[in-house]
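Visitor: What follows is the residue order along each chain.
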Amino acid sequence: MSNTLRMDISPRVFKVFRRHLTVYRRNWKVSLSFNFFEPLLYLAAMGYGLGVYVQAIEGLTFIQFLAPALIASSAMFSSSYECTYGTFIRMEFQKTFQAMVATPVSMDEVSLGEILWGSFKSFLYGSVILFVILVLGLVASPWALLVPGVLLVSGLLFASLSMIWIGLFPNIDSFNYYFSLVITPLFLFSGVFFPLSGLPAIAQTLAWASPLLHVVNLTRGLVLGNVGMHLVWDFVWLVVVAAVLMPIAIHLMRRLVIR
Amino acid sequence: MDIITARNLVKEYNGLRAVNGINFSVHRQECFGILGPNGAGKTSTVRMMFGFSPITAGELHVLGLDVTHHAREIKARLGIVPQENNLDLDLKVLQNLLVYASFFNIPEREARARALEHLEFFGLSDKLDAKVDHLSGGMKRRLTIARALINNPEIVILDEPTTGLDPQARHTVWQRLRHLRSRGVTIILTTHYLEEAAQLCDRLIIMDHGDILDEGTPGELLERHVGAEVLEIGQGAAAADNLTKQFHNDIRGHLEVGDNLVLYPLNGRELLSRLQNLPQQFDHYLLRPATLEDVFLKLTGRGLKE
Ligand SMILES: Nc1ncnc2c1ncn2[C@@H]1O[C@H](COP(=O)(O)OP(=O)(O)OP(=O)(O)O)[C@@H](O)[C@H]1O
Ligand SMILES: [Mg+2]
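Chains as they are written, first to last, in our numbering: chain A, 1 to 259; chain B, 1001 to 1306.
Honestly, I wouldn't trust all of these hints.
[Said to hold, decoys possible] Straight-line C-alpha distance at most 30 Å; calculated DSS-like pairs for lysine-lysine: (1) Lys-95(A) x Lys-29(A); (2) Lys-1245(B) x Lys-29(A); (3) Lys-95(A) x Lys-1245(B); (4) Lys-95(A) x Lys-1140(B); (5) Lys-1127(B) x Lys-1092(B).
None of these hints come from the bench; they were simulated from the model.
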C-alpha cells in the first residue's frame, strides 16, 4: 500500500508502444482515412456551407477561423477514442494487458504505453488535418510547424483523461456518457465554432477549465501567426494538467487490473 | 535448494479469503501439481508467483527472490500459461511470439529463431501467418505454451493447460510438457483433471477452499489415504453401517458416494469374494485400482466436478 503512488516505469514502455505500432501498421490506411474523413466533413459543411452565411469573425472568414481549431478537436477525438474503447477492449476482452504483465513489463508501463499511443494518434490525426488545411491554403504562418508538438502534449492529456474515466467507470457502456457528457461539450464550447468573447463572463471562466480551449488557442494562434505570451500560458496549462492527470490514470489502471 | 517457497501465504480479495495461509515448496526440475475444484484458490496461488496478484500476507519466494520486490527479475525467468488464453488477437501467430519476445528485450534475430523452433515443436509451423482467432482451441493452447517458452524460462507455470481440450489434444500437450521437464525445466501445473496430475506430476498439493489438504507424490497420497485398490458397491450406501462393522478388519476405510459405498480393502479380491457370498446382494461390485480421484473424494468428501 505504501508504494501505490510510486510509478514502476522503465524503457520497456517503448516495447508496449511498439506493439501498438506493429498492430497499427497492419491497418493504418483504413484507420487513417476514417479518422480524417470526419473533420473534412466538418470543414466542408461548416466552413464552406455554413460559412457563407456567417460574417467575418475577428477579421477572419469562417473557414479560416474554423480550420485550425479542427486540428485540435480531431486530436482530442482520436486519443479519446483510442484510450476509451481501444484501451478497454484490449484490457477487458482481449486480455492483452494480462499477457503483457506476465512478462518483465510492469502494469504502469502498460498504462503509460497506452497513453503514449493515444498521444501518438492525436499527433498523427491532427497533423493530417494540418496538412490538408495547408493544401487548402489556410495556413498563414510558419509557426504552424510547432503544432505537432502541441498535439503530442494534448494527446497525453486526453489519453490520460480517458483512462481516468475507465478507472472510475470500467464498463464499455459508460463511454457513451464520457463522449456525451465530457467530450462533446468540450467540442462545442471551447472556441472551435465561435469565439468565447460573446459568451457571459461566467461561461468564459468555465471555458478556461476546458483543455480543448487551450489546444484550440494554440493551434489557431500558430496556424494564423498570432503568437505571443498568451500562447506560452496556454501551453504551460496543458503541460501542467497533463503531468497531473498521467500519474492518476496510471494509478487507477493499476488498481483496476492488478488485484 | 527449493525453487519456490511459500510460508503462511494468504490472498484476500476485499475480505474474501481465497488462499488461507498455505505452506509449500517446489523443488528444482520437478513437475509440481496444484489440484483442486473450482474456487479452491489455484489461480490465486499461481498469480501471486509472478506478481500479478499482490500477496496479502505471508512470504513467497520464487528463484530465491521475494515476489513483492523483485517481480521484474522473476518474470524475466518465468514462462506463464494463464487459465484464459490471452494471445494477442490483433497479431498473427508468428508476430504473437515476436512481440511477446520484445517484452523480454530478446533481440529480433534471436527471437525469430526461437519462435520458429517453438512453433515447430508445437506443430504450428504451417500456421505462421494465420490469425489467432482462426486457430482451434488446442492450437491456441499450444501457441500459448510456445509463447511462454520464448524466454527459455527456468520455471513454466501452467494454469489448467488442458481444460476444454479433447483427449487427443490433451495428450499432445502432456507429451510436450514431459519433454520440457526432461530438459530440466521446472513445471508448475494447476488442474482439475486427476489423470493429468497422475500422468505428469512428481509431487502435488491438493487444495480446497484456500487450504492445502495434503501433499506428496501421487503414490504417497494413494498409499496414505486409500491404498492400492477400491471396491465399489452399487447401492451399498444404505447398508454401509452393517458392512463396515462386519468387515472392519478387512478394510482401511470407506466412503459413501451418493448411493454407492466405496470400501478401501486390504485385500480386494478376497473381500470381493466374501461379499459375493453374502445373503444380501447389491446392484454391482467393482474392484478397481485406486486413483487420485479416490484420494480427493476421501479428503474433501465430494467429487472434483460438481
Ligand atoms: N479478481 C478477483 N476478485 C475477487 N475475487 C476473486 C478474484 N479472483 C478469484 N476470486 C475468488 O477467489 C476464490 C479462489 O479463486 P481462484 O480463481 O483462485 O480458484 P481456482 O482454484 O483457480 O478455481 P477454478 O478451478 O475455477 O479456476 C474464489 O472464491 C473466487 O471467486
Ligand atoms: Mg483457476
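Visitor: Give a verdict on every hint.
Guide: Verification of the hints:
Using a Cα cut-off of 30 Å, the hinted pair Lys-95(A) and Lys-29(A) holds, with the two alpha carbons roughly 26 Å apart. With a CA separation close to 80 Å, the supplied pair Lys-1245(B) and Lys-29(A) exceeds the 30 Å bound. The straight-line distance between the Cα atoms of Lys-95(A) and Lys-1245(B) is roughly 56 Å, outside the 30 Å bound, and the hint therefore fails. Annotation: proposed proximity of Lys-95(A) to Lys-1140(B) holds, straight-line Cα distance about 14 Å (limit 30 Å).
The straight-line distance between the Cα atoms of Lys-1127(B) and Lys-1092(B) is roughly 9 Å, inside the 30 Å bound, and the hint therefore holds.
Hint compliance for this structure: hints 2, 3 are not met, and every other hint is.
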